[in-house]
Amino acid sequence: MGQEKVLFIVFAVIAIASALNILLQRNPLYSALSLIGTLLALSALYVTLRAEFIAAVQIVVYAGAIMVLFIFVIMLLNVPKDQPQVEKQKGLRYLAIPFAGLMIAEMFYVLRPIRLSTLPPVPSGNAEQAVGTTWSIGTSLFTDYLLPFEVTSVLILMAVVGAMVLARREGD
Amino acid sequence: MTNLLLEWVIKTIVILLILVTAVAYATLMERKVMAWIQMRVGPNRVGLGKFRLWGLMQPLADGLKMIFKEDIVPLQASHWLYIVAPALSLIPALMTFIVIPYGSQITLFDHTIELHVTRLNVGLLYVLALTSVGVYGIVLAGWSSNNKYSLMGGLRSSAQMISYELALGLSIVSVLLYTGTLDLVEIVEGQQGFHGLAWNIFHYPLLILVFIIFYIASLAETNRTPFDLPEADSELVAGYHTEYSSMKFVMFQMAEYLNLITASSISTTLFFGGWNGPFVGRLPLLGPVYFTVKVFVLIFLAMWIRYTVPRFRYDQLMRFGWKFLLPAAIVNIIISSTVILFMR
Amino acid sequence: MVNYVPVLLILIIAIGMAAVILILSRFAAKNRPTREKLMPYECGVEPVGTARDRQSVKFYLVAMAFLLFDIEAVFLVPWAVVFRGVAHSEAYRHLKYVFYGEMMVFMVVLLVGLVYVWRKGILEWNR
Amino acid sequence: MVPLSWYLGLSALLFTIGAVGVFIKRNAITIFLSIELMLNAVNLTFVSLSGFFGDVGGQLFVFIVMTVAAAEAAVGLAIIISIFRNRESLNVDEVDTLKL
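Here the protein sequences line up with chains A, B, C and D, keeping their order.
Under the numbering used here, the first sequence is numbered contiguously, ending at residue 172.
Under the numbering used here, the second sequence is numbered contiguously, ending at residue 1344.
Under the numbering used here, the third sequence is numbered contiguously, ending at residue 2127.
Under the numbering used here, the fourth sequence is numbered contiguously, ending at residue 3100.
So here's chain A without its partners, still in its complex pose (with noise of 0.2 Å):
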C-alpha cells in the first residue's frame, strides 16, 4: 500500500471518529472539541488534495474562528446538566438508524462505477499558478466568480445586523 494511502487511512480514521464522538459526548462542549478534531482532519486530506490554501482557510475561518463561537456560546450559557430530558418524537431516535444505513447503501450504489484513481499532474513550468494555489484562488474569485464574492459581503453584513438585534437584550 502506498504512503498516500496509508496517510489517506489515517486521517479518514480520525475524522469519522471524532464525527462519531460528537454524538456520543452528552456535554456540548466536548462535541464541539471532537468537531474540531474532524475539522483540523479534513484539513490536512485537502493538503492531499493539493487544495493548500483551502487547508488553512479551513483552519483560520473554521477551526480558529467559527468553533471559537460555538465554544463561546457554551461557555456563556453554562446549561445546568440535570436537565429533564423531554422527548416528543421517540420514533425520530429509532428511524435515525434504517435511515443511516439506507444512506451508505446508497453511497456504495452510486461510487462503485468510479474509476478515477489519479490526480491530474501539476503542468510543469507554472506550479506556482496551478489549482490551488493562492494566485489560482485570487485571480479566478475575482474575475469568474465576482459576483458571489461581493453578495458575500452584503451576506456577511446582514449576519452582524442580525446576530446583534437578536443576543442583544433591550437597554443592553
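If you're looking for bench data, these hints aren't it; they were derived computationally from the structure.
Hints should not be assumed to be uniformly reliable.
What the hints assert, rightly or not - With a straight-line Cα cutoff of 20 Å, these simulated PhoX-like cross-link-like pairs (lysine-lysine) come out:
1. C/Lys-2030 x B/Lys-1065
2. C/Lys-2058 x C/Lys-2120
3. B/Lys-1323 x C/Lys-2058
4. C/Lys-2120 x B/Lys-1323
5. C/Lys-2030 x B/Lys-1069
Just so you know, these numbers come straight off a predicted model, no measurement behind them.
Starting from the known structure of chain A, arrange chains B, C and D on it as the hints suggest.
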C-alpha cells in the same frame, strides 16, 4: 526520499532544541532586563560550583525546581480538559517555527543544506492558522479549572486575542500587497538587494506604520504587559492559569515565550529582511547570526515596553484594538493598494 | 505536497514532547493532596458559589464581530497576493481597475458593518 | 495514489453521521454542530472533485460555503442565545410552540 526525511527529522529536532534553550534563556533575559531597568542586579547567584557565571545557570535551576513541584488537579475541575489544555497551548506554539527561514544555504560535507525546515506556498497563512488555534488552550484552561478567576481570565484573554488577531491579520495583508507571496522564504529572498539592506521597511516607508500596528498586535496576541489583562494579578489572581502548578504551569509559560520569539521572528522576516545583511552573500553563515541578533533586538524591545508602560484597563484595551488598530490597518491597506495601483 | 511532511513530523514531535512533560509532572513530584489544596483558589477564603455560571453576552458579540471580520481578512489575502501581479502585468491591464474597485466596494460594505457595531456600543466595555 | 471514490466515500460517511446527529440529538447546539459536520462533508466532496478534475471552481465554492457557514453560525447561535434566555432550555422538543 529517506535522505530527505532524515534531513527533516534532524532539522526539526535541532530547531526544537534551540527553541527550548532560547525560551529558557529568554526568562533569564527578562529578569535581567527588568532588573537593569529597575536599577537592580537580577539573578546572579546560580552558577557552576564556585563560579557564579552571572547567573547563567538560573534557568536550569528554575526548571529543576518546577519539575519537583506538586502537580495539583483541583477536585472540581474537568479532569481531562484540565490536563490537555496546557498541551493545546504549547503544541501550536512549537509548530510555527518550521516555516521561518533563518539563513540562505550552507554547504557541509559536499551536501547543500537549506537553512529552513520547509517552505510552504501558504507559509504566512500557516502561521496565522496556528495563532488562531492557540486560543483554545487558554479558553479551555479557564473553563476546565472550575474557578471564577480562571474562567473570567480565560474569557477575557481569548476575547483579547481574537480582537487583536484581526489587526494582526489585516496588517499582514498590507505586507502581502508589496511582496505578492505568502511563502516566507520568497519574502526574505525578495529583500536581498543593496548589499543585503533592501529590507521591506527601508524599501517601502509606508510599512513603518504597518510594523507598528503589527508589533502592538503581536504583543497583545502573546498576552504581554501593557496587554496582560487576562492575568492582571490585582483583579484576577493569575487569570487562566490560577489553578495550574508544576510543569503544566511551565507549559503555559513556555508557550508565552515561544509566541514572543515567533512573533519577533515573523516581524524580522516580514519587515527587517530576515537573515539578510551586509556580506551575507559571501559568507552564508552570517545569515543565522543576523537573524538571531534581529530577533533578540525585537525581544528586548518587548521587554523594555513591558517594564516601562503601565497596564491598560480592559475597556481601554478593547477600545484600542477595535477602534484604533483595526481601522488603522484597513486604512493602510487602502493606501498601500492605491500606491501600488498608480506606481510606475 | 511533500513539503507538508515536516508539518506532520513536528506535530508528532510536539505532541510527544507535551506528553512527556505531562507525564513528568505527574510522577516526578510527590503528590500529597489535601482538601484545601484541591479546592478552587479564592485567595484563601472558602469558595463562594460556582464558576459554572452564565457569563455576559458581550463576549459572544465580540466573538461574532471577530468571526465576520476574520472572513474579510481571509478574502483580502488572495486579493493582496495577486494584486501587484495583476496591476503590473500586461495580460490583466484592462482588469486592474476592476480588481481595485471591487475590493474597495467589498471593504466599504464591511466598514458599514464596523460602523454599525461601533454605534451600537458593542466595543464599549465600561458600561 | 488514493482513488477519488475513497474521498467521496469518506465524505458520504461523514454526511451520514451528521444527518444521524440531527435525528437523534435533542440539544440545539449539538444539532447545530451536526449541521456544520454535514457542510464539511460536502466541502470535502467539492475539494476532491476540484482536485481530480483540475478545476479551481470547486475550491472557490468551498470558500463561499465557509463564509455562509460563518454567517449562519453567527445568526444561529444568536437565536440559540435568545431562546435560552426565554425558556431556560436548549432542548429543541421544548421550544416547539410559537408563543412564549
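Subject >> Proposed proximity, C/Lys-2058 with B/Lys-1323 (alpha carbon, max 20 Å) >> reply: The given pair, whose Cα atoms are some 16 Å apart, holds under the 20 Å limit.
Original post:
Taking only the CA atoms, is the gap from C/Lys-2058 to C/Lys-2120 under or equal to 20 Å?
Top reply: Holds. C/Lys-2058 to C/Lys-2120 sits at ~12 Å (cutoff 20 Å).
**OP:** Sort out whether B/Lys-1065 lies within 20 Å of C/Lys-2030, counting only the CA atoms.
**Re:** Answer holds: C/Lys-2030 to B/Lys-1065 is near 13 Å, not above 20 Å.
**OP:** Please work out if C/Lys-2030 and B/Lys-1069 have their alpha carbons no farther apart than 20 Å.
**Re:** Holds - the C-alpha atoms of B/Lys-1069 and C/Lys-2030 are around 8 Å apart, at most 20 Å.
Original post:
When you check the alpha-carbon spacing of C/Lys-2120 and B/Lys-1323, does it fall within 20 Å?
Top reply: holds, 13 Å
Hint compliance for this structure: every hint is met.
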